[in-house]
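Protein chains: 2
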Amino acid sequence: MFSKETYMQRRAMLKKAIGSGVVLFLGNDDMGLNYADNACHYRQDSTFLYFFGLPFAGLSAIIDVDEDEEIIFGDELTIDDIIWMGKQPTLREKCERVGITTSRPTAEITKYLHAAAQKGQPVHYLPPYRPEHRIKLLEWLGLPFARQESSTSLIRAVVAQRNYKSEEEIIEIEKACNVTADMHIAATKAVRPDIYEYEVAAILEGVAFTAGCNLSFATIATINGQTLHNHYHGNKIKQSDLFLVDAGAETPMGYAGDMSSTIPAGKTFTARQREIYQIQNRMHRESVKALRPGITFAEVYDLSARILVEGLTQVGLMKGNPEDAVREGAHAMFYPHGLGHMMGLDVHDMENLGEIWVGYDGKPKSAQFGRRSLRLGRMLEPGFVLTIEPGIYFIPELIDKWKAEKKCADFINYDVAETYKDFGGIRNEEDYLITPDGSRRLGKKIPLTPEEVEALR
Amino acid sequence: MFSKETYMQRRAMLKKAIGSGVVLFLGNDDMGLNYADNACHYRQDSTFLYFFGLPFAGLSAIIDVDEDEEIIFGDELTIDDIIWMGKQPTLREKCERVGITTSRPTAEITKYLHAAAQKGQPVHYLPPYRPEHRIKLLEWLGLPFARQESSTSLIRAVVAQRNYKSEEEIIEIEKACNVTADMHIAATKAVRPDIYEYEVAAILEGVAFTAGCNLSFATIATINGQTLHNHYHGNKIKQSDLFLVDAGAETPMGYAGDMSSTIPAGKTFTARQREIYQIQNRMHRESVKALRPGITFAEVYDLSARILVEGLTQVGLMKGNPEDAVREGAHAMFYPHGLGHMMGLDVHDMENLGEIWVGYDGKPKSAQFGRRSLRLGRMLEPGFVLTIEPGIYFIPELIDKWKAEKKCADFINYDVAETYKDFGGIRNEEDYLITPDGSRRLGKKIPLTPEEVEALR
Numbered sequence: 001m002f003s004k005e006t007y008m009q010r011r012a013m014l015k016k017a018i019g020s021g022v023v024l025f026l027g028n029d030d031m032g033l034n035y036a037d038n039a040c041h042y043r044q045d046s047t048f049l050y051f052f053g054l055p056f057a058g059l060s061a062i063i064d065v066d067e068d069e070e071i072i073f074g075d076e077l078t079i080d081d082i083i084w085m086g087k088q089p090t091l092r093e094k095c096e097r098v099g100i101t102t103s104r105p106t107a108e109i110t111k112y113l114h115a116a117a118q119k120g121q122p123v124h125y126l127p128p129y130r131p132e133h134r135i136k137l138l139e140w141l142g143l144p145f146a147r148q149e150s151s152t153s154l155i156r157a158v159v160a161q162r163n164y165k166s167e168e169e170i171i172e173i174e175k176a177c178n179v180t181a182d183m184h185i186a187a188t189k190a191v192r193p194d195i196y197e198y199e200v201a202a203i204l205e206g207v208a209f210t211a212g213c214n215l216s217f218a219t220i221a222t223i224n225g226q227t228l229h230n231h232y233h234g235n236k237i238k239q240s241d242l243f244l245v246d247a248g249a250e251t252p253m254g255y256a257g258d259m260s261s262t263i264p265a266g267k268t269f270t271a272r273q274r275e276i277y278q279i280q281n282r283m284h285r286e287s288v289k290a291l292r293p294g295i296t297f298a299e300v301y302d303l304s305a306r307i308l309v310e311g312l313t314q315v316g317l318m319k320g321n322p323e324d325a326v327r328e329g330a331h332a333m334f335y336p337h338g339l340g341h342m343m344g345l346d347v348h349d350m351e352n353l354g355e356i357w358v359g360y361d362g363k364p365k366s367a368q369f370g371r372r373s374l375r376l377g378r379m380l381e382p383g384f385v386l387t388i389e390p391g392i393y394f395i396p397e398l399i400d401k402w403k404a405e406k407k408c409a410d411f412i413n414y415d416v417a418e419t420y421k422d423f424g425g426i427r428n429e430e431d432y433l434i435t436p437d438g439s440r441r442l443g444k445k446i447p448l449t450p451e452e453v454e455a456l457r
Numbered sequence: 458m459f460s461k462e463t464y465m466q467r468r469a470m471l472k473k474a475i476g477s478g479v480v481l482f483l484g485n486d487d488m489g490l491n492y493a494d495n496a497c498h499y500r501q502d503s504t505f506l507y508f509f510g511l512p513f514a515g516l517s518a519i520i521d522v523d524e525d526e527e528i529i530f531g532d533e534l535t536i537d538d539i540i541w542m543g544k545q546p547t548l549r550e551k552c553e554r555v556g557i558t559t560s561r562p563t564a565e566i567t568k569y570l571h572a573a574a575q576k577g578q579p580v581h582y583l584p585p586y587r588p589e590h591r592i593k594l595l596e597w598l599g600l601p602f603a604r605q606e607s608s609t610s611l612i613r614a615v616v617a618q619r620n621y622k623s624e625e626e627i628i629e630i631e632k633a634c635n636v637t638a639d640m641h642i643a644a645t646k647a648v649r650p651d652i653y654e655y656e657v658a659a660i661l662e663g664v665a666f667t668a669g670c671n672l673s674f675a676t677i678a679t680i681n682g683q684t685l686h687n688h689y690h691g692n693k694i695k696q697s698d699l700f701l702v703d704a705g706a707e708t709p710m711g712y713a714g715d716m717s718s719t720i721p722a723g724k725t726f727t728a729r730q731r732e733i734y735q736i737q738n739r740m741h742r743e744s745v746k747a748l749r750p751g752i753t754f755a756e757v758y759d760l761s762a763r764i765l766v767e768g769l770t771q772v773g774l775m776k777g778n779p780e781d782a783v784r785e786g787a788h789a790m791f792y793p794h795g796l797g798h799m800m801g802l803d804v805h806d807m808e809n810l811g812e813i814w815v816g817y818d819g820k821p822k823s824a825q826f827g828r829r830s831l832r833l834g835r836m837l838e839p840g841f842v843l844t845i846e847p848g849i850y851f852i853p854e855l856i857d858k859w860k861a862e863k864k865c866a867d868f869i870n871y872d873v874a875e876t877y878k879d880f881g882g883i884r885n886e887e888d889y890l891i892t893p894d895g896s897r898r899l900g901k902k903i904p905l906t907p908e909e910v911e912a913l914r
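Protein chains in written order, with my numbering: chain A, 1 to 457; chain B, 458 to 914.
Don't read these hints as lab results, they were simulated from the structure. Everything numeric in this text was worked out from a predicted model, so none of it was measured. Incorrect hints may have been included.
As the list claims (entries may be wrong) - Just the calculated beta-carbon pair ranges, DEER-fashion:
1. B:D537 - A:P252: 56 to 66 Å
2. A:T90 - B:K693: 21 to 31 Å
3. B:A514 - A:E149: 21 to 31 Å
4. A:R372 - B:R829: 54 to 64 Å
5. A:K406 - B:S623: 53 to 63 Å
6. A:E167 - B:A912: 47 to 57 Å
7. A:R92 - B:R829: 56 to 66 Å
8. B:V873 - A:H114: 46 to 56 Å
9. B:Y499 - A:T419: 34 to 44 Å
10. A:E167 - B:K693: 26 to 36 Å
11. B:A514 - A:D37: 43 to 53 Å
12. B:A514 - A:S166: 31 to 41 Å
13. A:E139 - B:P579: 22 to 32 Å
Yeah, the Cβ is synthetic: ideal placement off N, Cα and C, and Gly gets one too.
Based on the sequences and whatever the hints tell you, model everything.
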């Protein structure tokens with residue numbers, strides 16, 4: 001936890017931005033997996049963590065801007081709780097650690113909100129992303145699900161704070177990145193033919209747990225890298241496979257790391273694997289070089305797409321003018337996702353607040369296939385933390401679909417693409433801080449070039 | 458997954474027991490941790506798994522007993538889903554695997570349920586334990602939260618099937634128990650002074666993951682064994698500590714193992730640790746010996762409590778007549794939980810259906826402190842699978858509270874108890890099947906006696 005001054009300053013800045021009304025923060029509750037008491041690992045809401053720092057289930061908070069009041073609602077532990085869960089600080093003590101002097105039982109929150117409504121105060125809240133949030137808004141504010149409209153001014157105010165990482169946040173993120181790098185180095189050493197994907201996942205996740213961290217998201221560890229969010233780990237690894245890992249650590253404070261690696265199950269890359277891998281490496285390297293305040297991330301994405309098209313043209317998979325191919329979205333056949341995203345207390349930072357606000361500053365985003373998956377397009381500014389993760393994939397179902405539709409046939413050699421249907425996918429990913437004059441990689445280096453990967457095999 | 462005939466037979470038996478009306482099964486959805494798409498490990502509802510076998514998010518099912526119809530409601534994958542999540546069987550194919558021939562889009566379930574209501578058919582459902590269940594009952598049946606009353610006849614019918622484990626279920630449970638035993642053996646070897654609790658947790662959890670299993674519940678791995686459900690793993694282990702592990706594996710089909718071990722952080726038990734540990738061992742051994750059809754688990758619990766009192770009397774912690782002490786609940790100061798619980802697709806099997814039905818066959822249970830935490834009291838029958846997990850704890854807050862209240866002062870030597878406040882807690886746990894003539898341990902043996910534990914240190 002940061003010092004109480006950090007949380008007090010963050011709340012003061014938010015109050016100033018919002019100006020008036022009541023802000024309601026819905027903390028997260030425990031979630032039962034197969035019955036109420038068999039809960040999954042508890043994760044507090046990230047905005048709650050940002051302003052109130054308390055990683056405990058069962059809390060809500062109100063900032064009454066008009067009355068200049070900050071209140072945490074929750075319930076004290078009973079003797080039964082202490083027997084089953086151990087001695088803990090009281091709610092009052094927890095609140096004091098983050099500079100909150102008023103705490104009240106949860107049962108009183110409805111009364112507070114009703115009184116605010118009677119005074120005509122608007123109640124601001126963020127988009128509910130868990131069913132328990134929707135139930136609370138229904139029960140506390142009397143709002144049916146269809147009328148639970150979050151506050152755009154609150155979203156914008158929160159994004160305007162959380163998008164700019166402070167020095168102390170960057171230290172935390174770098175801790176997560178260092179553990180994340182160790183996870184990838186361990187995986188790069190561990191992959192070998194005839195073991196199962198889950199064995200590699202167990203090794204790399206063990207690195208996070210042994211460091212006292214959690215996972216920032218569900219691990220991808222797969223021989224089917226062409227499947228972008230593949231959480232199945234039941235396949236046996238074959239000599240000819242490319243093994244794709246996308247995984248990250250989360251520090252006890254909740255900050256995320258997020259990296260990707262692609263590892264040849266054989267000791268070295270085959271000539272065909274190396275050829276495509278080196279195109280991905282160029283996309284990655286040139287994107288990193290381009291990072292600086294004043295460039296939009298959409299421009300960096302276009303750059304990475306153009307390098308892809310140029311590379312695939314040399315290999316015979318694409319043809320025609322690269323600029324035109326990128327404008328038409330032909331690259332998205334092989335690169336159907338974005339180049340990266342903001343990262344912080346969430347691995348996709350503030351995804352629940354809407355990427356139009358987080359990644360596009362409220363401006364419209366493209367609806368084109370591929371480009372529409374770019375979570376970040378806005379002008380870069382110092383203090384932003386983001387991922388760089390270009391990829392190249394051969395997705396049989398997508399090749400079949402586009403080929404049948406003759407989509408972008410001026411730019412794609414479908415006959416050649418057919419011969420890559422067993423290739424899989426390649427992605428490498430690192431995390432960067434935008435600095436006043438460029439960017440800085442966060443966390444220790446993981447293998448990126450074919451030579452660096454092979455050196456660990 | 459079992460054969461389709463298994464699921465068809467289970468549903469046929471349920472239909473016969475229910476007799477008429479419509480049975481609604483709420484499958485579990487994905488649950489976002491800090492935003493909707495950052496989901497925790499998916500776990501299907503266990504009753505849904507039992508009758509329909511499909512471990513996928515976004516499904517619901519209806520058994521219309523009157524019309525003899527079985528329908529699964531869900532949605533087919535789009536091309537976008539396939540790109541991001543990989544090729545999967547269609548919903549129709551998934552349904553066929555479990556003998557269901559009718560599947561429909563989720564959007565049609567409300568119409569089906571409204572039609573049933575108009576025909577006057579009762580709609581049976583189990584107690585909602587996730588907020589998404591409550592929302593579905595509200596939206597699909599128009600039932601406000603306060604009026605969401607589950608069906609007692611459905612609960613009883615499900616319990617009457619799931620409490621008796623079939624041969625193929627016992628094989629699955631034994632797989633989980635074998636992995637669980639390996640987790641405990643690894644932990645017993647790994648505990649040592651000057652490492653952190655989370656390092657031991659990472660090792661034992663890694664055993665489950667490396668075997669392609671998940672965890673059946675959140676691991677307890679703690680130097681504060683006196684805290685019964687302690688999921689904090691941030692303490693450094695000291696030479697003098699007793700380290701308590703309560704952890705289990707869950708097989709890919711969803712069956713659970715659940716064992717506990719207590720390990721001296723020093724190579725061997727101290728004389729004081731060994732003295733208490735051996736009392737726990739006697740409680741454990743005598744409880745196992747007593748397991749057979751026709752005895753109630755409440756009787757076995759009483760037996761374990763009496764052995765505790767006799768042992769603690771010899772040590773000077775308790776006094777008076779052991780039978781009287783147990784009747785008065787004096788033992789619960791040192792043994793505030795039950796002796797064990799049913800285990801199957803849930804580690805506390807069917808806890809969401811209510812332990813009065815699962816563990817007490819609908820008969821009332823004690824409200825006495827300690828005894829009220831006994832999840833299982835009913836007459837044992839062949840096919841039941843249960844845990845045996847007596848424990849002995851010194852909980853400073855509880856000692857203080859009872860001492861101040863002079864509670865059970867005829868049976869407890871508080872002056873002696875005071876000297877044990879730094880002791881911690883001891884629990885050992887194994888899993889047993891009730892057989893026609895006694896019981897059988899499930900899974901390989903884990904160390905139980907002090908000698909067996911020390912042999913692995």
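- Item | CB-CB spacing for R829 (chain B) and R92 (chain A) relative to the 56 to 66 Å hint | Cβ of R92 (chain A) to Cβ of R829 (chain B): about 30 Å, so the range 56 to 66 Å is violated.
- Falls inside 22 to 32 Å, the C-beta gap from E139 (chain A) to P579 (chain B)? holds (27 Å)
- D537 (chain B) and P252 (chain A), beta-carbon distance inside 56 to 66 Å? violated (35 Å)
- Item | Outcome of range test on Cβ distance (K406 (chain A), S623 (chain B); 53 to 63 Å) | holds (55 Å)
- Query: Has the hinted range 34 to 44 Å been met by the Cβ atoms of Y499 (chain B) and T419 (chain A)?
  - Reply: holds (36 Å)
- Message: Holds or violated: the 54 to 64 Å window for the beta-carbon distance between R372 (chain A) and R829 (chain B)?
- Response: holds (56 Å)
- Assessment of proposed distance window 21 to 31 Å (beta carbons of A514 (chain B), E149 (chain A)): With Cβ atoms ~26 Å apart, the hint holds.
- Message: Given the hint of 21 to 31 Å, is the C-beta distance from T90 (chain A) to K693 (chain B) inside that range or not?
- Response: For K693 (chain B) against T90 (chain A), whose Cβ atoms are near 25 Å apart, the range 21 to 31 Å holds.
- How does the Cβ-Cβ distance of E167 (chain A) and A912 (chain B) compare with 47 to 57 Å: does it lie in that range? holds (52 Å)
- Take the C-beta atom of A514 (chain B) and the C-beta atom of D37 (chain A), compute their distance, and say whether it sits inside 43 to 53 Å. violated (21 Å)
- Message: Assuming the hint says 46 to 56 Å, is it satisfied by the Cβ distance from V873 (chain B) to H114 (chain A) or not?
- Response: holds (54 Å)
- Should the hint that E167 (chain A) and K693 (chain B) are 26 to 36 Å apart at their CB atoms be regarded as holding? For E167 (chain A) and K693 (chain B) the Cβ distance comes to about 29 Å; the hint holds.
Of the numbered hints given earlier, the model fails hints 1, 7, 11; all others are met.
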